[in-house]
Amino acid sequence: MPFGFSGGVVVGPTMTVPYIAFLLFLPFFGCQTPRPEAGERSTASIEASAPELKLTLLDGETIHLSDYRGKVILLNFWATWCAPCRVEIPEFVDLHKIYRGKNVVMIGVSFDHESDSEYVRSFTEQAGITYQVAKVQDYSEIVEIERAWSAVEGISTLRGYGKGDPEEGNGSVQMMPTTFVIDKSGKIIRKHIGPREAKQLASELDLLL
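Numbering (my numbering), first residue to last: 10 to 218.
Simulated from the structure, these hints should not be mistaken for laboratory data. Check before you lean on any hint, since a few could be wrong.
Restraint-style ranges between C-beta atoms, simulated for each label pair [said to hold, decoys possible]:
| id | residue 1 | residue 2 | range |
| --- | --- | --- | --- |
| 1 | Ser212 | Glu127 | 19 to 25 Å |
| 2 | Glu162 | Arg78 | 32 to 38 Å |
| 3 | Gly69 | Ser149 | 32 to 38 Å |
Straight line, CA to CA, 27 Å or less: simulated DSS-like cross-link-like pairs of lysine-lysine [to be verified]:
| id | residue 1 | residue 2 |
| --- | --- | --- |
| 4 | Lys193 | Lys172 |
| 5 | Lys63 | Lys80 |
| 6 | Lys196 | Lys106 |
| 7 | Lys196 | Lys111 |
| 8 | Lys193 | Lys63 |
| 9 | Lys111 | Lys63 |
| 10 | Lys196 | Lys80 |
| 11 | Lys172 | Lys208 |
| 12 | Lys196 | Lys172 |
| 13 | Lys172 | Lys63 |
| 14 | Lys106 | Lys172 |
Remember, it's a predicted structure, so these values are computed and weren't measured experimentally. The beta carbon of each residue, even a glycine, is placed where N, CA and C say it ideally should be.
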């Protein structure tokens, strides 16, 4: 499907903060997450392995990324206010239908504001999302995720619409949507920045099964 967004804030492969005013009054608006202050990043274990990640699902269950070792993981960072994120959701729903029961785990991590839990739950129901959805509990959790994941270097990264050649990058989740393809051993195989079609991700998942 062709990507785009009409009637919204932005048209493009990733979303950034469009207005300075929203930076002042709505720190969670726009598809850009907070950057840790200089000196806060961990310098330990620079390798393309996914850091541990503790998440709270919308039903209150707590999960860890390591719980799914031995399975292929598709980890998607998104938010309801991110136009490109919303555009790719039907593709992820289709992808989940294809890979459900095939040793693939799909997890969406919402960076919506901590007060928006009910809205996110309602949104996922209306969007027909059947894969697991977690939501950050507060601003500090976003900062902690960014600190841990941006320290991981050497990740094969595809930007924009994923049509070009991959480049080497880190695990930062400042731009959304950001999706990680993680193999059964916990190694990050690919990072995608921008919306993806189901067939683009399917070709990578198939190689890992």
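Taking the hints in turn, this is what the structure says about them:
{"no.": "1", "hint": "Ser212 - Glu127: 19 to 25 Å", "in the structure": "violated, 37 Å"}
{"no.": "2", "hint": "Glu162 - Arg78: 32 to 38 Å", "in the structure": "violated, 22 Å"}
{"no.": "3", "hint": "Gly69 - Ser149: 32 to 38 Å", "in the structure": "violated, 19 Å"}
{"no.": "4", "hint": "Lys193 - Lys172", "in the structure": "holds, 25 Å"}
{"no.": "5", "hint": "Lys63 - Lys80", "in the structure": "holds, 17 Å"}
{"no.": "6", "hint": "Lys196 - Lys106", "in the structure": "holds, 24 Å"}
{"no.": "7", "hint": "Lys196 - Lys111", "in the structure": "holds, 19 Å"}
{"no.": "8", "hint": "Lys193 - Lys63", "in the structure": "holds, 18 Å"}
{"no.": "9", "hint": "Lys111 - Lys63", "in the structure": "holds, 23 Å"}
{"no.": "10", "hint": "Lys196 - Lys80", "in the structure": "holds, 11 Å"}
{"no.": "11", "hint": "Lys172 - Lys208", "in the structure": "holds, 12 Å"}
{"no.": "12", "hint": "Lys196 - Lys172", "in the structure": "holds, 23 Å"}
{"no.": "13", "hint": "Lys172 - Lys63", "in the structure": "violated, 32 Å"}
{"no.": "14", "hint": "Lys106 - Lys172", "in the structure": "holds, 24 Å"}
Consistency note: the structure conflicts with the earlier hints numbered 1, 2, 3, 13.
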